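Just so you know, the protein sequences line up as chains A and B, in that order. Going by our numbering, the first sequence opens with residue 172, and the numbers climb by one from there. Going by our numbering, the second sequence opens with residue 172, and the numbers climb by one from there.
Keep in mind that a hint or two might mislead.
Chain copies aren't distinguished; within one or between two, either way the pair holds.
Here are the simulated lysine-lysine pairs, BS3-like style, with alpha carbons at most 30 Å apart [unchecked claim]:
id	residue 1	residue 2
1	Lys288	Lys357
2	Lys439	Lys382
3	Lys288	Lys336
4	Lys259	Lys357
Quick caveat, the hints were computed from the structure, so don't treat them as lab data. Owing to the predicted nature of the structure, the values given are computational and were not obtained by experimental measurement.
Protein chains: 2
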Amino acid sequence: MVIAVDAVGGDHFPENPISGAVMALEEIATLKILFVGPIDLVKNELKKHSYDHNRVEILDAPEIVSMDDPSSAPVKSKQNSSINLGIKALKSGSINGFISAGNTGALLMASTLFLGKLEGVIRPTIAAVFPTVNGMRLLVDAGANLELKPEMYFQFAKMGSIYAKEIMGIDNPKVGLLNIGSEPEKGCDIHRESFNMLQDLPNFAGNIEGKDILSGKTDVFLTDGFTGNILLKFGESVPHALEHLFENAIQEMDVEKEVHNHILQVLKKAVHTFDYEHVGGVPFLGVNGVSLVGHGGSTPLAIKNMILNASHCVESRLNEKIVTSLNI
Amino acid sequence: MVIAVDAVGGDHFPENPISGAVMALEEIATLKILFVGPIDLVKNELKKHSYDHNRVEILDAPEIVSMDDPSSAPVKSKQNSSINLGIKALKSGSINGFISAGNTGALLMASTLFLGKLEGVIRPTIAAVFPTVNGMRLLVDAGANLELKPEMYFQFAKMGSIYAKEIMGIDNPKVGLLNIGSEPEKGCDIHRESFNMLQDLPNFAGNIEGKDILSGKTDVFLTDGFTGNILLKFGESVPHALEHLFENAIQEMDVEKEVHNHILQVLKKAVHTFDYEHVGGVPFLGVNGVSLVGHGGSTPLAIKNMILNASHCVESRLNEKIVTSLNI
Numbered sequence: 172m173v174i175a176v177d178a179v180g181g182d183h184f185p186e187n188p189i190s191g192a193v194m195a196l197e198e199i200a201t202l203k204i205l206f207v208g209p210i211d212l213v214k215n216e217l218k219k220h221s222y223d224h225n226r227v228e229i230l231d232a233p234e235i236v237s238m239d240d241p242s243s244a245p246v247k248s249k250q251n252s253s254i255n256l257g258i259k260a261l262k263s264g265s266i267n268g269f270i271s272a273g274n275t276g277a278l279l280m281a282s283t284l285f286l287g288k289l290e291g292v293i294r295p296t297i298a299a300v301f302p303t304v305n306g307m308r309l310l311v312d313a314g315a316n317l318e319l320k321p322e323m324y325f326q327f328a329k330m331g332s333i334y335a336k337e338i339m340g341i342d343n344p345k346v347g348l349l350n351i352g353s354e355p356e357k358g359c360d361i362h363r364e365s366f367n368m369l370q371d372l373p374n375f376a377g378n379i380e381g382k383d384i385l386s387g388k389t390d391v392f393l394t395d396g397f398t399g400n401i402l403l404k405f406g407e408s409v410p411h412a413l414e415h416l417f418e419n420a421i422q423e424m425d426v427e428k429e430v431h432n433h434i435l436q437v438l439k440k441a442v443h444t445f446d447y448e449h450v451g452g453v454p455f456l457g458v459n460g461v462s463l464v465g466h467g468g469s470t471p472l473a474i475k476n477m478i479l480n481a482s483h484c485v486e487s488r489l490n491e492k493i494v495t496s497l498n499i
Numbered sequence: 172m173v174i175a176v177d178a179v180g181g182d183h184f185p186e187n188p189i190s191g192a193v194m195a196l197e198e199i200a201t202l203k204i205l206f207v208g209p210i211d212l213v214k215n216e217l218k219k220h221s222y223d224h225n226r227v228e229i230l231d232a233p234e235i236v237s238m239d240d241p242s243s244a245p246v247k248s249k250q251n252s253s254i255n256l257g258i259k260a261l262k263s264g265s266i267n268g269f270i271s272a273g274n275t276g277a278l279l280m281a282s283t284l285f286l287g288k289l290e291g292v293i294r295p296t297i298a299a300v301f302p303t304v305n306g307m308r309l310l311v312d313a314g315a316n317l318e319l320k321p322e323m324y325f326q327f328a329k330m331g332s333i334y335a336k337e338i339m340g341i342d343n344p345k346v347g348l349l350n351i352g353s354e355p356e357k358g359c360d361i362h363r364e365s366f367n368m369l370q371d372l373p374n375f376a377g378n379i380e381g382k383d384i385l386s387g388k389t390d391v392f393l394t395d396g397f398t399g400n401i402l403l404k405f406g407e408s409v410p411h412a413l414e415h416l417f418e419n420a421i422q423e424m425d426v427e428k429e430v431h432n433h434i435l436q437v438l439k440k441a442v443h444t445f446d447y448e449h450v451g452g453v454p455f456l457g458v459n460g461v462s463l464v465g466h467g468g469s470t471p472l473a474i475k476n477m478i479l480n481a482s483h484c485v486e487s488r489l490n491e492k493i494v495t496s497l498n499i
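Chain A extracted, bound-state conformation (with noise of 0.2 Å):
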């Protein structure tokens, strides 16, 4: 199993791709790692880690696409970029999948056109894993498109709850439909169509709310890249404004240094739920071969636990399962 990571995606590069890729080799025996970047950059990076050499290989892509860059940048003007080199080896088959906390348009872009899409997908989606009470769900689509129709609906419905099911160890997954209201004719046409649509399928439970959401009423959130892209900033935004509320709360209740603390390692320990940074990113759905994008903060960690979802999604024959899925 080789998996290809991004030696220059995200915020804290090469340091946190080159420190999670460590860290993954160390877990599964089996993992070999090819570092796509800058050769010197990798290497330079590399002499502060010991692993085994044998295990690791690098490609170099001499160019950085930046997190600013237009989505075409990998296939237009950076073709020698890490996005575009990385893919176009999982496209060759000699990687068996790549991880990035890169530039996400540039990411969908250069995988839906490299890459193709699998047999019977209408359109490739990002999913995107959302906080709940319950621990992590799925919320499908988080961007990638911003206007759907019932087929597509149908289809992210079909291939959130593989991915759930397979690669979060959800099982029976239940799909809601966001909406405005849990009756079947709330919402837009759209909507209407969808809801009918979805009824064929044995895991759907209907319309569900915005405050449906953190609850965990359901584990796969079905809803167009608009309202999904704006409720996970949204989301993401939720830990930042809750220290700042608490610090406001703290100081007028005047208390004690010590309970300060106390108070404040309670925080940080209940919205580290809502902490994107640690979450091992989230698969481009529908696309033909295993490729992962995960937040542009993130840590070793996270950069480690895509790497392990990377595998799994191998291992498990993510694609080949949404492909008799979808054409059944």
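Given chain A's structure and the hints, the job is docking chain B onto it.
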């Protein structure tokens, strides 16, 4: 100044509407209250309070619109309901404003149908107050119009700004268009076209993202009613989810009983910001009359604040200012 109060709106009637109205009477010497509801129910509840009997009247409305009734109930099957008779009294000019913690859809339909639209208004909208680290700000639309046109965003921006300034006391409110990125080309056609149109407003601050809401990047957040409704209900669910996460974190950390209690007090104070039950309702902007709706769980304090807000809407000539703003 006469404000009519729906005595049977919300989850805790007639107690909360009547307690809240009595509080409002104590606060504004020139205020009179018209309770609208089943006369015996109101009379019995009023016996529990001491108040100036010359400043209170009752309009008998024997039928009760429940939270689950269809939006058309007051105008069709329950014409003797507090919503129908209250809004009609407002239309007749015998009262200055109407407030209710009842069925929002029913209130919107009755308000739009009987009061009509202000001159120049394409579609009335429901605004909603939304918690930020800077205090409460305004989200428009909160669910009245699921699909918008650029002209509607433009009008909602103007109406929301006027409400934010006159009633919420926010000087020079900035307006942001909720989108999936800050660049003008982000989003769907409707967002790009609306962005262009909104640029004509001096207080338009451009696109904002999901992460910019809690941080209070702008004072008015513009979005369609679908996204707005989902965000609003998501926000409302945050305190309950946090309680759950905090209880878990506290148990895992095995803190002392006293510290435990301290932490819960701080939590309560901090998430109070998210607590909609204390907020004084939200207006239907664009209807020809002062009609405010509050959260079903409105406390007496929320009812009092809603009456005060209605009174401010009347005194500040909010609707005249909206008409002027839309027709220049």
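Now the hints, each set against the structure:
1. Lys288 x Lys357: between (32 Å within a copy, 25 Å between copies)
2. Lys439 x Lys382: Close inside one copy (23 Å) and across copies (19 Å); limit 30 Å.
3. Lys288 x Lys336: within (21 Å within a copy, 51 Å between copies)
4. Lys259 x Lys357: between (44 Å within a copy, 28 Å between copies)
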